[in-house]
Amino acid sequence: MFRLEARTSTPAWFNLALPLVAIAVALVLCSGLIAVAGAGVIEAYGVMLSASLGDSYAITETLVRAAPMIFTGLAVAIAFRAKFWNIGAEGQLLAGAVASCLVGAIPMPGYLAMLLMAVVGAAAGALIALVPATLRVKFKVDDVVSSLLLNSVIYYALMALIEGPWKDTFSGYPISPPIEDSANFPVLIEGTRLHIGVVVALIAAPVCWFLIARTTLGFRIRVTGENPEAARYGGINVERVLLSTALLSGALAGLAGVGEVGGVHFQVMSDISPGYGYSGIVVAMLARLNPLGVVPAAIFLAAVMTGAEAMSRATGVPAFLSEVIQGTALLAMLVALLFTAYRIRRVGAPA
Amino acid sequence: MSAPLIQMRGITKSFGAVKANDSVDLSVAPGEILGLLGENGAGKTTLMNVLFGAYAPDAGEILIEGRPAAIHNSADALAAGIGMVHQHFHLAPRLTVLENLLIGIPGKFGRIDRAGGLARLNEIGRQHGLNLDPDLPVSALSVGEQQRLEIIKALFRGARLLILDEPTAVLAPTEVDGLFAALRSMAAQGLGIIFISHKLNEVRALTHRCVVLRHGKVAGRVDHPAETTSAQMAKLMCGHEIMPPIKEVSTPGAPVLTLDGVSTSGHGGTPLREVSLFVRAGEILGIAGVSGNGQRALADVISGMLSPSAGSMTIAGKAVAQFSPRELQALGLGRIPEDRMTTGLVTNLPLADSMVLPRIGTEAFSRKGLLDPAAIRAFAEAQIKAYDIRCPGPMTRAGALSGGNLQKALLARELAFDPKVLIVSQPTRGLDIGAARFIHEKFLAMRAKGCGIIVIGEDLEELLMLCDRIAVMYEGRVAGTLSSADATVARLGLLMTGAEGRA
Ligand SMILES: Nc1ncnc2c1ncn2[C@@H]1O[C@H](COP(=O)(O)OP(=O)(O)O)[C@@H](O)[C@H]1O
Ligand SMILES: [Mg+2]
Chain A
226 MFRLEARTST PAWFNLALPL VAIAVALVLC SGLIAVAGAG VIEAYGVMLS
276 ASLGDSYAIT ETLVRAAPMI FTGLAVAIAF RAKFWNIGAE GQLLAGAVAS
326 CLVGAIPMPG YLAMLLMAVV GAAAGALIAL VPATLRVKFK VDDVVSSLLL
376 NSVIYYALMA LIEGPWKDTF SGYPISPPIE DSANFPVLIE GTRLHIGVVV
426 ALIAAPVCWF LIARTTLGFR IRVTGENPEA ARYGGINVER VLLSTALLSG
476 ALAGLAGVGE VGGVHFQVMS DISPGYGYSG IVVAMLARLN PLGVVPAAIF
526 LAAVMTGAEA MSRATGVPAF LSEVIQGTAL LAMLVALLFT AYRIRRVGAP
576 A
Chain B
121 MSAPLIQMRG ITKSFGAVKA NDSVDLSVAP GEILGLLGEN GAGKTTLMNV
171 LFGAYAPDAG EILIEGRPAA IHNSADALAA GIGMVHQHFH LAPRLTVLEN
221 LLIGIPGKFG RIDRAGGLAR LNEIGRQHGL NLDPDLPVSA LSVGEQQRLE
271 IIKALFRGAR LLILDEPTAV LAPTEVDGLF AALRSMAAQG LGIIFISHKL
321 NEVRALTHRC VVLRHGKVAG RVDHPAETTS AQMAKLMCGH EIMPPIKEVS
371 TPGAPVLTLD GVSTSGHGGT PLREVSLFVR AGEILGIAGV SGNGQRALAD
421 VISGMLSPSA GSMTIAGKAV AQFSPRELQA LGLGRIPEDR MTTGLVTNLP
471 LADSMVLPRI GTEAFSRKGL LDPAAIRAFA EAQIKAYDIR CPGPMTRAGA
521 LSGGNLQKAL LARELAFDPK VLIVSQPTRG LDIGAARFIH EKFLAMRAKG
571 CGIIVIGEDL EELLMLCDRI AVMYEGRVAG TLSSADATVA RLGLLMTGAE
621 GRA
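Chains as they are written, first to last, in our numbering: chain A, 226 to 576; chain B, 121 to 623.
If we strip away everything but chain B, and leave its shape as in the complex, we get (with noise of 0.2 Å):
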């Protein structure tokens, strides 16, 4: 392949005593797809950040086309073709599609240039298939059109290095596909690209080359990457073997939840429509379907968030009477929330507050309206230690800790308390190998403790791995259940089209 775009030599930085990056090489040639890969910590984000001039490395240098370049703020780094997709989006969400495009480009005479700008969106949209609407607010966006607005306004600033951090964490499966399609599109103009991912077998389908870095070293470099094993690769990235979890056969009870008829209305998104299902003691269900056919609607209705406007719910045999996430945890539902950082925990305060959240106002954590800083301290810091989250302790910053061990923490709160069922959405989004074997092993152990849970979830491969039985939502309704048996990708996918749901 030709000279390199970009070249990092040698790249140290540290956080106090956190060595995150560790002496890194890394170089993307012009038309190159690289794989940049690690757990969670890795090191992955901030060698990019130093990348975009976000943070100043302690040592080391930085190449462009053979080059030292001085890349000291994202304008540097811009004025240099390398454009950064943040994990986190950074657009103004009052301003449509094509403001937020132009923010910050000069037009003449100080004036927006809006025929200029719409051209350049066109263009751009001819050539790689990244289509947006220019009028529409970003508010109105889902995550994927935002992401695209995030490419776009890259490429609109001339970028010839693109930087993607974890872009597919936020995607559903078919948004993922049109991703690639762009991404090799771009690649194939010559623009060089940095894909950042946990998961394997998109890496595999997707880089022409990987950098695996471990604890902020480089722990590897992959020249095939469609050629090597996920096995090998995930090795590379945990040090060791990761062996499947191992599930053992069980007899499920009793139901421990029960959904009759449930219909709701007035929700944003897709509502539901006359949904039944139930869940057994020691029992696994997967709920499988495209995003957006009303699985929100149906956490929402499962965890007390929203009231069915029809049809009834029962709890260990018992009727729900009122939808409110206190009733349910009393009759012994345990709740893991699909965005950790917004829904489940309060990042400015303590770890051990968010721990304690749900069950503050119980004998547990506090007496006739007074806290017990006692048995909060002395119940966050067993938790902690029974699930090895990883924190300096309990008054930590709940926003210091990394997804991982947050949803350690979201699932230690809940099984602290021995729920008869679990409901969970997307349990191990953005989480490395590593920790999605941990919660999966959780999970395992409480179904042969004879709790019923309900798995949430868009990746078939961890549901057919987990579940026993898997209902299929769409639009609204259960399309089909599958027991394990049953299932395969094909079928669920099948069911996930609406194709077999009519017959």
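Just chain A, with the same shape it has in the complex (with noise of 0.2 Å):
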């Protein structure tokens, strides 16, 4: 028989592991999806890998699907790290992309345009983060639920603007109109997307780390999150931390629509973002809401995808798999954290 027994420490080397161990269950369990779609597997993986890692212009596509979920895992891992349940990037991000699309859009010199993208990107998102925050702090709304739900209202808002009021009139598609040409990101290797934003994204990662681990605001966010009972009594003002890491998550979120619309799609339409900002919430969970684990987390969820959409080119499988892997990944993870807290345990023989 074997049970569960608590550890009173955890090996530093679980760190690694774990969201190695996590990713490779996932993979074997979908392998058997894969086999019931009639592909063989190691031909399969083999097409994902070589399509999302194989020649440079794959890792550039990989790096650049990567970088909103870099912003977005980031987001995620500093919200989680204050116990502020921020499952709100999805709409944060949205906003950031409109608002950044709308500044985009004025003739003016490019760095300013993309300066001022960022800046007001990086705002609205704030802005709309600090809505479940505020409610919460204020009110006690149950921030999951109110963040949640705001992606919602942020989708459909999106959608009736571009349905509406903002639709390109140019092309007469529900898009909006596109941003200056000047305003586009410079893209760093001639024929291929890797744009700025790319490089803003894994500088981040490091930078947030950096605000966490050695900032006394990133100290205050930690202890409000493990405990703001001791957190308030050690003169922390919990609701003011609150409402800061909701600010910098929100911002951070912004950040990835900012990217996406000035270096891929230089306007905003409704799939702008195939669910980034959830997609977010597994990367912060694999990187165990360490942002510099948040860069690596990111590109493999990157990697699955840019990978998926080759592999169902070549044998057929649905491209869905890789929305099944990355939940199936998250799953894997989050059991595979019982074992940081817990061991497997042998016991005598059953009675």
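A few of these clues could be false.
Distance ranges between label pairs, derived from CB positions [what the hints assert, rightly or not]:
{"id": "1", "chain 1": "A", "residue 1": "Leu556", "chain 2": "B", "residue 2": "Leu215", "range": "26 to 34 Å"}
{"id": "2", "chain 1": "A", "residue 1": "Arg568", "chain 2": "B", "residue 2": "Arg214", "range": "29 to 37 Å"}
{"id": "3", "chain 1": "A", "residue 1": "Asp406", "chain 2": "B", "residue 2": "Arg214", "range": "53 to 61 Å"}
{"id": "4", "chain 1": "A", "residue 1": "Leu374", "chain 2": "B", "residue 2": "Ala325", "range": "57 to 65 Å"}
{"id": "5", "chain 1": "A", "residue 1": "Leu556", "chain 2": "B", "residue 2": "Arg187", "range": "55 to 63 Å"}
{"id": "6", "chain 1": "B", "residue 1": "Ile366", "chain 2": "A", "residue 2": "Asp367", "range": "50 to 58 Å"}
{"id": "7", "chain 1": "A", "residue 1": "Ile421", "chain 2": "B", "residue 2": "Leu490", "range": "26 to 34 Å"}
Selected chain B positions facing chain A (in silico; Cβ < 7 Å) [as the list claims (entries may be wrong)]:
{"id": "8", "residue": "Ile366"}
{"id": "9", "residue": "Gln442"}
{"id": "10", "residue": "Arg446"}
{"id": "11", "residue": "Pro457"}
{"id": "12", "residue": "Val466"}
{"id": "13", "residue": "Pro470"}
{"id": "14", "residue": "Leu477"}
{"id": "15", "residue": "Ile480"}
{"id": "16", "residue": "Gly481"}
{"id": "17", "residue": "Ser486"}
Heads up, incomplete: computed chain B residues facing chain A, CB under 10 Å, no partners named [stated by the list, open to error]:
{"id": "18", "residue": "Gly424"}
{"id": "19", "residue": "Ser444"}
{"id": "20", "residue": "Gln449"}
{"id": "21", "residue": "Arg455"}
{"id": "22", "residue": "Thr462"}
{"id": "23", "residue": "Leu465"}
{"id": "24", "residue": "Leu469"}
{"id": "25", "residue": "Val476"}
{"id": "26", "residue": "Gly489"}
{"id": "27", "residue": "Leu490"}
{"id": "28", "residue": "Pro493"}
{"id": "29", "residue": "Arg517"}
{"id": "30", "residue": "Glu595"}
If you are wondering where the hints come from, they were derived from the structure by calculation, not from laboratory data. No residue lacks a Cβ here, since even glycine has one placed at the ideal position from N, Cα and C.
Need the complex rebuilt from these two chains, each delivered in its own frame; the hints are there to steer you.
This is how it looks when you write it as structure tokens:
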């Protein structure tokens, strides 16, 4: 018979091993689905791997996809550190996209436009995140529910905009007018879509790590998340920390939207985000809420996404598999997290 | 006495390098109250968790009525008639008393047998004086009532042996009397009881026999606790004599903290009503009283967690303008909260984080919003050394430390900044004699250095030993203040019931 026993300490290598194990478990479980779909498992994963990381162009495509998930992953990781349950990164991303697109469409020098797009997009995301945080601080409204529901509100508001007053008159499609050409983010490697926003995302991760680990605000976020009562007794203004965390988290999610507008789509449409905000939750959990872990976790999910499309074309397995892998990886990670707190122990013969 | 109900033989259980139990033998007869004594970390809880099936022992066996029993989990233990009231309760706060009792008890056709449950509850209440309103949600119960519910729950499931792990640590003195009456009544009906406590006078008053653990081993057995002195038992527990601390004569200086007509409102618990008091430099002021007479509000006001609705406070001669922890700290106040685990520390983070928490924004640990990790670590390491805090290092999870070491850590984090005034609540609650003595000595040393100390406590013996003056709280007011020369348990007791204050 086996049983769970509480651990007193968690070995350090767990932080690295757990996500890897969770990913491996997810891939093994999903291989069953590939087999059911009638394709060879090795072949399918092979196609996924080569299409996402097989050559330099594939790698740039994967990085372009990873960038928004790095931002949303950071947004979720920081929020969850404070136990501000921000499930609203998706809506905050959309708000950032809309705001930056509006600014980017105004003629002005390119570098100024890009800077303003980032500032305004981050501010829009931050404002949206402030809503569930304020409701929680002032009225004790559950932040999981309010931040989640806000996603739909923002999505349908965006739809109403691009179907109505903000519809691109030139094309006639339900998409917004494009930003100025001069506001398009510079591409780093000719012939790829690798834009400057990807670099900003890669820099944002260590910056967030520094913020959490090395600043007094980060300290207050950690303490507030772990024990708000001790934080309050220790002189920390818990409400203010929660609001600051929300602003920070929303701004990061808003930047994800800015990158998509400025570097990838140059306008806003209804499917500008294939759920990057929700993927951010998976990314943050795989990273164990460590900002540095967010980068590899986001790259993994991005590789699964780009790879799944190629695999679908090559083998006929539906590309939805990428979402199944994401979901399974999250579940596997949640189970794996159990083993940071407990160990399995064998006890005597069954009674 | 009759044949043993439970026998534990040669129980050994290690956690890594720590041998928490080392070949421990113990038995309980029906109708017997067995005291299990030992300092913090002696292995009492571990031993009882082995008996209750929470841990598998590395060696040894358990016999129930002479037959070897296989207890692998709490369900096995309950089936074998063993009930346990843990130090931390296991209740569902949103469910009612009755619902908590019926959790996990199969009713007819999957439905809850409410009527049957009520009848059993009333019967248990009648037999042992353990009464509770069946329809109250657990969240509305006091700690003492929740404990009563845990005991009833064990009886409800047909326990013949009841284990109580430091049940009195969370109780007010009056509640202790009620608990003891119930336990005696259960023992009279043939139940076996294992009673864990640090408090020797309680053990002497209640138990029939004692087993003393030290470093996981049986250090001694006491056959007639009532006729054994506390000093003898203390020596078994610690391995050496414990001397009372020496309180030097001191002449108090100017007041370092004054309250003038302080009242509070809008706060759970009893509010303060026009409380005036002061403590002088080099003086220890005790605050006695039956719990729930405004001590909580007093501690909250003085530590900056609650703003008074009327009245004023000064620290070191300066009027307090804003009641916030940071403001008061800056004026020279040191604070140690009543509840170490929930209010004092962040159990999931490194110990060092908890040790710098209240002063993280000050020059000592950060500059312009950036932490100074080297300073934080150096501070924690120095305090761990100076206070002999037993832990692997400053990065250990705070929650892994024992109560005594946690209290030392909290004391260290305040005393390192030489407070002019120190406010502490229940400073030695749950600590063993050795740790409590250490804390007392620190208070007296601070007093000698000219610090004014306010000790809010329920243990009158402790207050009488430490304090220069004792103020008694009754219904949110100071019912009277006695100097150490005038204070006796009897006079304090009178004030505590409000009898003398009204005259
Ligand atoms: N789950 C555990 N993991 C590791 N060490 C433990 C665990 N539980 C208890 N210990 C250690 O075992 C010893 C005995 O602890 P415990 O039984 O709680 O003592 P007591 O209840 O007498 O205070 C202590 O040194 C404690 O640190
Ligand atoms: Mg214990």
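query: Holds or violated: is the Cβ of B:Leu477 closer than 7 Å to a Cβ in chain A?
result: For B:Leu477, the interface hint holds, since the closest Cβ of chain A sits about 4 Å away, which is under 7 Å.
message: For the restraint on B:Glu595, tell me whether the closest CB of chain A is nearer than 10 Å.
response: violated (26 Å)
query: Does the interface hint hold: is B:Ile366 within less than 7 Å of chain A, judged Cβ to Cβ?
result: Violated, because the Cβ-Cβ distance from B:Ile366 to chain A comes to roughly 33 Å (cut-off 7 Å).
- request: Given the hint of 50 to 58 Å, check if B:Ile366 and A:Asp367 actually sit that far apart at their C-beta atoms.
  value: Given about 56 Å between the Cβ atoms, the range holds.
message: The hint names B:Gly481 as touching chain A; please verify it with the least Cβ-Cβ distance against 7 Å.
response: holds (6 Å)
task: Please test the hint of 57 to 65 Å on the beta carbon pair from A:Leu374 and B:Ala325.
output: holds (59 Å)
message: The hint names B:Pro457 as touching chain A; please verify it with the least Cβ-Cβ distance against 7 Å.
response: holds (6 Å)
message: So, as I understand it, the hint says B:Arg517 touches chain A; can you test that by seeing if any CB pair is closer than 10 Å?
response: holds (7 Å)
task: Double-check B:Thr462 for me: the hint is only fine if its C-beta lies closer than 10 Å to a C-beta in chain A.
output: holds (5 Å)
- prompt: Holds or violated: is the Cβ of B:Pro470 closer than 7 Å to a Cβ in chain A?
  reply: Not OK, violated: B:Pro470 not within 7 Å of chain A, min 10 Å.
Hint status (Cβ of B:Leu490 to nearest Cβ of chain A, threshold 10 Å): With Cβ-Cβ at 6 Å, under 10 Å, it holds.
message: Given the hint of 26 to 34 Å, is the C-beta distance from A:Leu556 to B:Leu215 inside that range or not?
response: holds (29 Å)
When each numbered hint is compared with the structure, violations occur for hints 5, 8, 9, 13 and 30.
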